[in-house]
Each structure stands twice: as C-alpha cells, then as structure tokens.
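Student: Chains as they are written, first to last, in numbering that gives the first Met the number 0: chain Z, 0 to 163; chain A, 0 to 163; chain G, 0 to 163.
Careful: at least some of the hints might be erroneous.
Any copy will do: because identical chains look the same in the list, a pair fits if it lies in one copy or spans two.
Computed list of lysine-lysine pairs in DSS-like fashion (alpha-carbon distance at most 30 Å, straight line) [to be verified]:
(1) Lys96 x Lys50
(2) Lys25 x Lys93
(3) Lys128 x Lys71
(4) Lys25 x Lys128
(5) Lys27 x Lys49
(6) Lys49 x Lys14
(7) Lys27 x Lys128
(8) Lys93 x Lys50
(9) Lys71 x Lys96
(10) Lys67 x Lys150
(11) Lys128 x Lys49
(12) Lys163 x Lys14
(13) Lys96 x Lys25
(14) Lys128 x Lys96
(15) Lys71 x Lys25
(16) Lys161 x Lys93
(17) Lys96 x Lys49
(18) Lys143 x Lys161
(19) Lys93 x Lys27
(20) Lys128 x Lys50
(21) Lys161 x Lys128
(22) Lys150 x Lys96
(23) Lys150 x Lys128
(24) Lys161 x Lys150
(25) Lys27 x Lys96
Keep in mind the hints are simulated off the structure, nothing from the lab.
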Amino acid sequence: MKALFIGGIKSGKSKNAEEFTLMHAKTKPYYLATTEFIDAEIAQRIELHKKQREDRFITVEESLELSKTVSKCDDIVVIECISMWINNMLFHNKPHKEIYAEIETLLELENSIVFVLNDVGGGIIPDNKLAREFIDLSGIISQKIAAKCDKVFHTVAGISTKIK
Amino acid sequence: MKALFIGGIKSGKSKNAEEFTLMHAKTKPYYLATTEFIDAEIAQRIELHKKQREDRFITVEESLELSKTVSKCDDIVVIECISMWINNMLFHNKPHKEIYAEIETLLELENSIVFVLNDVGGGIIPDNKLAREFIDLSGIISQKIAAKCDKVFHTVAGISTKIK
Amino acid sequence: MKALFIGGIKSGKSKNAEEFTLMHAKTKPYYLATTEFIDAEIAQRIELHKKQREDRFITVEESLELSKTVSKCDDIVVIECISMWINNMLFHNKPHKEIYAEIETLLELENSIVFVLNDVGGGIIPDNKLAREFIDLSGIISQKIAAKCDKVFHTVAGISTKIK
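The shape of chain Z in the complex, shown without the other chains (with noise of 0.2 Å):
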C-alpha cells in the first residue's frame, strides 16, 4: 500500500500521514529522515518533530537513497519528506534523469509507503531559475508518486481531503 500527503507549508499534511501511518502499522512504523542540511532553524524544527514522535516510531536517517534505506524496513515507512530529499539529490548535483531513476525505483518496492511532499507550484512563477527548477521537479514527481499510490491526500488547514 502506498500513500501521498500533499500540502502547503504549515498545511497539518506531516502530521495527518504520520497518524496514517500508526494506523497501517502492523507493529512498529518507521520513519524515515530526509533532512541533510541543519542549521539552527532546522535543527528546531527537528527537535520538535522528534518529541511530537515520541517513541511510535523507529527513526532512521537518509538523505540521498531512499529505495536502499525503505527497502530493509519490515513495516509501513513515512518519509519526511520528498522535498527535502529532492533539495539534497540537487545539491549534490545528481541529474534529473538519476532523482527520476530512485523515485520509480521506490515506487516499484514490495513497502507499504506514506510520502509527504510540499506542494510548491501555488505562487506566481519565480524570476530565480532554481526555484524554478526545483517546482518543476517536485511537481513532475509529485505526478510520478499520486500516479501509483492508491491513496492521495490533499492537506489544507490541518485537514487532509481524498482526492484518490
């Protein structure tokens, strides 16, 4: 089973798929950490996320593979999230056709899978052409994901609408 929760910033999206997540799990869920880049904004936005965890979940840290890390999980993964991980693959300079490569791989895992992603495209279109770059993907991707999931979400003021 695979699942999509997209949302704004601040949208309540990682906080609905991680209930969703507890609810599929058959014993334990994982979760797993995209974040690479820690500055001391970030670092407490992660110290709160952690305590809002608490011990439901096995956390376990991957900025770049995903399919390596999901694939060893014996129970339902939440990655938190796709966008930050899609800023790591662009940092690292890895090729379109390579972010494509692993998200297709993901999506061809045996793993129950709950994905959170930022949906970015909803502002005009910025002069900066990474942003634009980076919207670009993400929406190509988000397509890729809701394409195979059998359940997508659209969060918006804490509240998270089927739309698939």
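Given the structure of chain Z, go ahead and fit chains A and G onto it with the hints provided.
Tutor: Below, chains A and G without anything else, positioned relative to chain Z:
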C-alpha cells in the same frame, strides 16, 4: 456555529464567506474589519469592499482585540480577515504565545463566527525569515481554527468546497 | 460546454485538460497556443508540449485575440493558457477593462471551450506591485470563468478533482 473560509489571494473566499454569514444571520450580521494599515492601495480595496457590503452588515473595526469585540456582537460575525490580524499582532510585537491565546479565547466564545484566512503556504519556502515566520504562524492558526470549526470551506476560482 | 482546469505550476492540469478535450471532441479538437514571448527555456517547453500533443490536435497560435480565434473553430478548443494570455495583454498595455471584456466575449460564444489557468494566489502577497496586479487579475478572471463553466476541475499532483 463556527466556520472557516480559506483560500488563496483573490480566490473569492471573502465574497462566499459574506454570503454564508448573511444566510446564517438571525437579523443583521456583523462585519469585523481588522485592517489597520492603510495606504492608497489598501484604501482603494477597502472602498471596493464597503460598496460590495452595502448596508447588509453592521461594520465594526478592530485590528487587535478580536475576542473582546466579537463577544459584544448579538448576531453572527464574519472576521475579515485573520491574516491581516496576524500581521497587525506581529507589527505590534505581540509574542506568538499571545497570538495563539487570543485565537483560543475567540474559539471558546459562544458566538457564531465566520473566519476568513489567506492560504499562504502554497509556494516555495521564501528566503525571507519574517515571511517564513508569517507562513508558519498562519498555518498553525489555520489548523487551530479548522479543528474547532463545524464547517471548513476551501475556495478556488470562486468555488468554495466543503472539506469539513 | 465550457470547462476550467485550474492548478499550480506543474500540477498536471494541462495534460488532464488535453485528455478531457480529446474525450469531448466531435472529430479533431483545437489547441489554442497563447505563448508570445519565446526564450530558450520557453522554446524547450513548447517543443516538449508539441511532442506530447502529437497529431491529436489542430494547433492555432494567437497571443491576444482569443474570442475571434475561437469563434472560427468548428470543434472543441483547449486554450493553453489563460495565464500566459493575461501576461501578453498586460505587456501590450491593454487596460483591465479590455481584458475583462475579452473574457466576457469568450464566455458568451457558443463554442465548447476548455480553459487552462495557473492558480497563482497560493503564496504570500508579493512585495512587487506588478506581481500583485497579475495575481489579482488572474484571480478575478478565474472567478469569472468558473462562474460560467459547466465543469471546474482543481488539479493537485496530477489528479483533477471536480469542484463544480
């Protein structure tokens, strides 16, 4: 009864929130205008909004103390808008704790309230720290309000879809 | 029959609008390309779009006079996209009144039309005055179009949800 109308800029959420408020009024509903900072552009928008409201609402103006103002109203109140109010509170250096407390107080009132809020988290994470702070606050507040509302509507292209 | 496909950048709205248009064509549908300004990046996008369309559509190119062009079509027309057209009209210093009038004329035609529009109001209000003008125009036009359409679809992650 409490309801939230959330949507992007010029999505039509205000118009629909006003119609919803009129439909649920016992006699004459209240329009709580939260705008504090007025330049030529905003003055023009206010004038346009006033014309649209005509004499269907009792207008009250309050940029900070929402719960105190709402508690004095003897019919349903539409608050236009919570986003502007967050902006005012930040400008007056109110700590986040106080902003959240005021929202909690508002949500505990017996009054019927229709909240209007800009959905601002749909783009890429901005470079600007203040913009990020505003988006985070706005997102958390939208979740708090939605959780306590009987009805939540997401507006796109003038169409308000009930998501709760 | 008139329909609107609205969604963020790379949400998949164009692909879904094209499939919808093909499904509703009597013989061969029209593809009205509104792009006027072509740099290397846009040229690349156009080439990609053309390949995706193959020979399933009759392509017509018109960057300003939409109603005149559509009225000559003898089958359903998908307009790609209204956002680019608004951009063109602003670049040619057309007053808002004229932009709205052209949309009204278009909506009164008997032709079957599928409108594609970027939802650009989902971020924070930009500092840039021109950007705000574009967002406002785009929002008002999306409301005008949606009000007259038989069907409206909101697209997220490639999934178009019928909201009207």
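Student: For each hint, tell me whether it holds in the structure or not.
Tutor: Quick rundown of the hints versus the structure:
In this homomeric assembly, Lys96 and Lys50 come within 30 Å of each other (Cα to Cα) only across copies, at 19 Å, whereas the closest approach inside a single copy is 36 Å. In this assembly of identical chains, Lys25 and Lys93 lie within 30 Å of each other by CA distance neither inside one copy nor across copies; the values are 35 Å within and 45 Å between. With identical chains, the CA atoms of Lys128 and Lys71 are never at most 30 Å apart, being 37 Å at best within one copy and 38 Å at best between copies. Neither within a single protomer nor between protomers do Lys25 and Lys128 lie at most 30 Å apart by alpha-carbon distance, with minima of 44 Å and 41 Å respectively.
Proximity of Lys27 and Lys49 under a CA criterion of 30 Å is satisfied intra-copy only: 16 Å inside one chain copy versus 48 Å between copies. In this homomeric assembly, Lys49 and Lys14 come within 30 Å of each other (Cα to Cα) only inside a single copy, at 12 Å, whereas the closest approach across copies is 39 Å. For a Cα distance limit of 30 Å, the shortest separation of Lys27 from Lys128 qualifies neither inside one copy, at 42 Å, nor across copies, at 37 Å. Proximity of Lys93 to Lys50 under the C-alpha cut-off of 30 Å is restricted to the inter-copy arrangement: shortest distance 26 Å between copies versus 33 Å within a copy.
In this assembly of identical chains, the alpha carbons of Lys71 and Lys96 lie at most 30 Å apart only when taken from the same copy (24 Å versus 42 Å across copies). Taking the closest pair of Cα atoms, Lys67 and Lys150 come within 30 Å of each other only inside a single copy of the chain (23 Å); across copies the shortest separation is 43 Å, beyond that limit. Within a single copy, Lys128 and Lys49 get their C-alpha atoms only as close as 34 Å, which misses the 30 Å cut-off; across copies the closest is 23 Å, which meets it. Taking the shortest alpha-carbon separations for Lys163 and Lys14, both the intra-copy value of 19 Å and the inter-copy value of 17 Å come in at or below 30 Å.
In this homomeric assembly, Lys96 and Lys25 never come within 30 Å of each other (Cα to Cα): the closest approach is 34 Å inside a single copy and 38 Å across copies. When the C-alpha separation of Lys128 and Lys96 is checked against a cutoff of 30 Å, the pair qualifies only within one copy, where the shortest distance is 19 Å, while the shortest distance between copies is 33 Å. In this assembly of identical chains, the alpha carbons of Lys71 and Lys25 lie at most 30 Å apart only when taken from the same copy (16 Å versus 52 Å across copies). Taking the closest pair of Cα atoms, Lys161 and Lys93 never come within 30 Å of each other, the shortest separation being 33 Å inside a single copy and 37 Å across copies.
For the homomeric pair Lys96 and Lys49, the shortest alpha-carbon distance between copies (21 Å) is at most 30 Å, but the shortest distance inside one copy (33 Å) is not. Taking the shortest alpha-carbon separations for Lys143 and Lys161, both the intra-copy value of 17 Å and the inter-copy value of 21 Å come in at or below 30 Å. Taking CA atoms no more than 30 Å apart as the test, Lys93 paired with Lys27 passes in neither setting, with 33 Å inside one copy and 41 Å between copies. In this homomeric assembly, Lys128 and Lys50 come within 30 Å of each other (Cα to Cα) only across copies, at 24 Å, whereas the closest approach inside a single copy is 36 Å.
Taking identical chains as interchangeable, the C-alpha atoms of Lys161 and Lys128 are never at most 30 Å apart, the minima being 33 Å within one chain and 32 Å between chains. When the C-alpha separation of Lys150 and Lys96 is checked against a cutoff of 30 Å, the pair qualifies only within one copy, where the shortest distance is 26 Å, while the shortest distance between copies is 36 Å. Proximity of Lys150 to Lys128 under the C-alpha cut-off of 30 Å is found in neither arrangement, the shortest distances being 32 Å within a copy and 34 Å between copies. In the homo-oligomer, the alpha carbons of Lys161 and Lys150 lie at most 30 Å apart both inside one protomer (7 Å) and across protomers (17 Å), since each shortest distance falls under that limit.
Proximity of Lys27 to Lys96 under the C-alpha cut-off of 30 Å is found in neither arrangement, the shortest distances being 34 Å within a copy and 34 Å between copies.
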